[in-house]
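Chains as they are written, first to last, in our numbering: chain R, 1 to 307; chain Y, 1 to 307.
Warning: the hint list may mix true and false statements.
Note that the list lumps identical chains together, so a pair holds whenever it fits in one copy or between two copies.
[Stated by the list, open to error] Under the rule of at most 20 Å between Cα atoms (straight-line distance), these lysine to aspartate or glutamate pairs were calculated in the DMTMM-like manner:
id, residue 1, residue 2
1, K103, E116
2, K263, E307
3, K103, E55
4, K263, E302
5, K103, E291
No lab work stands behind these hints, which were simulated from the structure alone.
2 protein chains.
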Amino acid sequence: MSILVVGSVAFDDVTSPSGSVKNILGGAATYFALAASYFTKVRIVAVVGEDFAPEHEQVLTKHGIDTRGLEREPGKTFRWGGSYVDNLNEAKTEFTDLNVFEKFQPRIPHEYADTEFLFLANIDPTLQAAVRLEMDSVRLTGGDTMNYWIHRTPKELAETLKLINILLINDAEVRSIAHDASLPRAARKVLAMGPQALVIKHGEYGATIFFREGAFGVGSHPFRAPALPIDEVKDPTGAGDSFAGGFMGYIASQGEINREVLKRALFYGGVMGSFAVERFGTERLQNLTREQIDARFQVFRELTHLE
Amino acid sequence: MSILVVGSVAFDDVTSPSGSVKNILGGAATYFALAASYFTKVRIVAVVGEDFAPEHEQVLTKHGIDTRGLEREPGKTFRWGGSYVDNLNEAKTEFTDLNVFEKFQPRIPHEYADTEFLFLANIDPTLQAAVRLEMDSVRLTGGDTMNYWIHRTPKELAETLKLINILLINDAEVRSIAHDASLPRAARKVLAMGPQALVIKHGEYGATIFFREGAFGVGSHPFRAPALPIDEVKDPTGAGDSFAGGFMGYIASQGEINREVLKRALFYGGVMGSFAVERFGTERLQNLTREQIDARFQVFRELTHLE
Numbered sequence: 001m002s003i004l005v006v007g008s009v010a011f012d013d014v015t016s017p018s019g020s021v022k023n024i025l026g027g028a029a030t031y032f033a034l035a036a037s038y039f040t041k042v043r044i045v046a047v048v049g050e051d052f053a054p055e056h057e058q059v060l061t062k063h064g065i066d067t068r069g070l071e072r073e074p075g076k077t078f079r080w081g082g083s084y085v086d087n088l089n090e091a092k093t094e095f096t097d098l099n100v101f102e103k104f105q106p107r108i109p110h111e112y113a114d115t116e117f118l119f120l121a122n123i124d125p126t127l128q129a130a131v132r133l134e135m136d137s138v139r140l141t142g143g144d145t146m147n148y149w150i151h152r153t154p155k156e157l158a159e160t161l162k163l164i165n166i167l168l169i170n171d172a173e174v175r176s177i178a179h180d181a182s183l184p185r186a187a188r189k190v191l192a193m194g195p196q197a198l199v200i201k202h203g204e205y206g207a208t209i210f211f212r213e214g215a216f217g218v219g220s221h222p223f224r225a226p227a228l229p230i231d232e233v234k235d236p237t238g239a240g241d242s243f244a245g246g247f248m249g250y251i252a253s254q255g256e257i258n259r260e261v262l263k264r265a266l267f268y269g270g271v272m273g274s275f276a277v278e279r280f281g282t283e284r285l286q287n288l289t290r291e292q293i294d295a296r297f298q299v300f301r302e303l304t305h306l307e
Numbered sequence: 001m002s003i004l005v006v007g008s009v010a011f012d013d014v015t016s017p018s019g020s021v022k023n024i025l026g027g028a029a030t031y032f033a034l035a036a037s038y039f040t041k042v043r044i045v046a047v048v049g050e051d052f053a054p055e056h057e058q059v060l061t062k063h064g065i066d067t068r069g070l071e072r073e074p075g076k077t078f079r080w081g082g083s084y085v086d087n088l089n090e091a092k093t094e095f096t097d098l099n100v101f102e103k104f105q106p107r108i109p110h111e112y113a114d115t116e117f118l119f120l121a122n123i124d125p126t127l128q129a130a131v132r133l134e135m136d137s138v139r140l141t142g143g144d145t146m147n148y149w150i151h152r153t154p155k156e157l158a159e160t161l162k163l164i165n166i167l168l169i170n171d172a173e174v175r176s177i178a179h180d181a182s183l184p185r186a187a188r189k190v191l192a193m194g195p196q197a198l199v200i201k202h203g204e205y206g207a208t209i210f211f212r213e214g215a216f217g218v219g220s221h222p223f224r225a226p227a228l229p230i231d232e233v234k235d236p237t238g239a240g241d242s243f244a245g246g247f248m249g250y251i252a253s254q255g256e257i258n259r260e261v262l263k264r265a266l267f268y269g270g271v272m273g274s275f276a277v278e279r280f281g282t283e284r285l286q287n288l289t290r291e292q293i294d295a296r297f298q299v300f301r302e303l304t305h306l307e
């Protein structure tokens, strides 16, 4: 099954303890699409500017990503600059130039009308909802958000959460939406707002999936996947989007949704996140094989597997 | 096999978002001994004051803990006050009255001379080393330390690390000893200082064990155990010592050390830590059954187990 991602494509400047890069291809939709492309066919809806060259688009098309939803607008592509020098776990934003992204109005090409799996990357919740409501064919919607929307547009976000089947956010975002410091309690509160499942991304500690009672018929026990201890995290940018790409991409590749598929998806999410951070930008995600991915899946499995 | 713990017995005042308690029995050796007592025979060496009443000692003896190494000195027992109101993950120390603990000189009763498993809880590294060197019968030594010693007595600590087979500390302590922000790199540096294995306690995210090449013949791949998401952490005090008690207690109960034993020990550590935080002080650790412990072990196992 193919999966559609709607979100940002950007050019990033990144500084980390491992060095500094400028103008590298980034954006949530880019990381997601590349990570998911190792599992299934991927379609993308995003907006880029005149500085988005054919070689940038080839990064996507080389991986079989359908770019018919990539809109070109006069002006520059979204640009973001961030630094991880003080804290590898949280970017300090140096600048955000929204450029053509400021007026992004996702338009779904008619060729995408049969999409069954949808991922709404971190954009304005009102746009997320509009995309979802436009697509009758969608069976499963994953979504992301961030503190900016949690604080600025809580009502709109609450409406969008009713349309999202699996929400993927981090610890701080869960606590922030629920106003509760206890992660399991906060998880239940978020699930009561709409999603059937909530994936909490713990960064270097892995991720936990919580289920609403009765969701997907998989039971209500949470499940946790570890993250691989990585010697040198070069660039954490896009780790969460790569996680989402592995997670959603694997689910879309399986077609049916059951507990074992969701558990494996959580592991594949961790695997793709762990690859992403090993190089700056999307470099590592551009140069993988499914064999390397499955080998690391086995390492993750062994990491917590009791006889 | 019986295990000996050397460390502090204390009376604690604790404030957390769940409430406030005063003068409750605590101390690293107390938490460790109670947690380990569900797996094996436990011996304790510690010092208490005149305010340590028979009912306090009974908390230990009721669990079969051998208290012949409990020394009574004129004066008051060690007292500690801490608050978790702002941060459940780190205590804010309100006061520390060392009292009789200030001049603690561990004396090993001759009845303990056949001890094969030893745990050196967090005390002055010089005392830790002296205890270890005095005990010829010991086959395996576990140990803990804290930032106070890492910064104040790094040389003495380095000597002690040569005598410890398995060091159990948290993320911040590992980074602090190794002067390295990367956990796997820091782990290798700590292992190069002496221990054959390093258990890094991640709090609510579980724990990872790293092995020195060739150690215990178990391979050099790390292993990770999850922690159970707990709805309400009432009192995090002693969670790390309870973890150590479950971990070392299970190892001592098995006699032989292999990879599967160490992996299960890591899970049992997490189980005992998760019980400890459910009530103030040692209350939960005082009222458990091995059946409850094994049931939670299964929950932990299911939490990360792929078919």
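We went through each hint and held it up to the structure:
When the C-alpha separation of K103 and E116 is checked against a cutoff of 20 Å, the pair qualifies neither within a copy, at 26 Å, nor between copies, at 70 Å. In the homo-oligomer, the alpha carbons of K263 and E307 lie at most 20 Å apart both inside one protomer (18 Å) and across protomers (9 Å), since each shortest distance falls under that limit. Neither within a single protomer nor between protomers do K103 and E55 lie at most 20 Å apart by alpha-carbon distance, with minima of 24 Å and 71 Å respectively. For the homomeric pair K263 and E302, the shortest alpha-carbon distances inside one copy (15 Å) and between copies (11 Å) are both at most 20 Å.
Neither within a single protomer nor between protomers do K103 and E291 lie at most 20 Å apart by alpha-carbon distance, with minima of 40 Å and 60 Å respectively.
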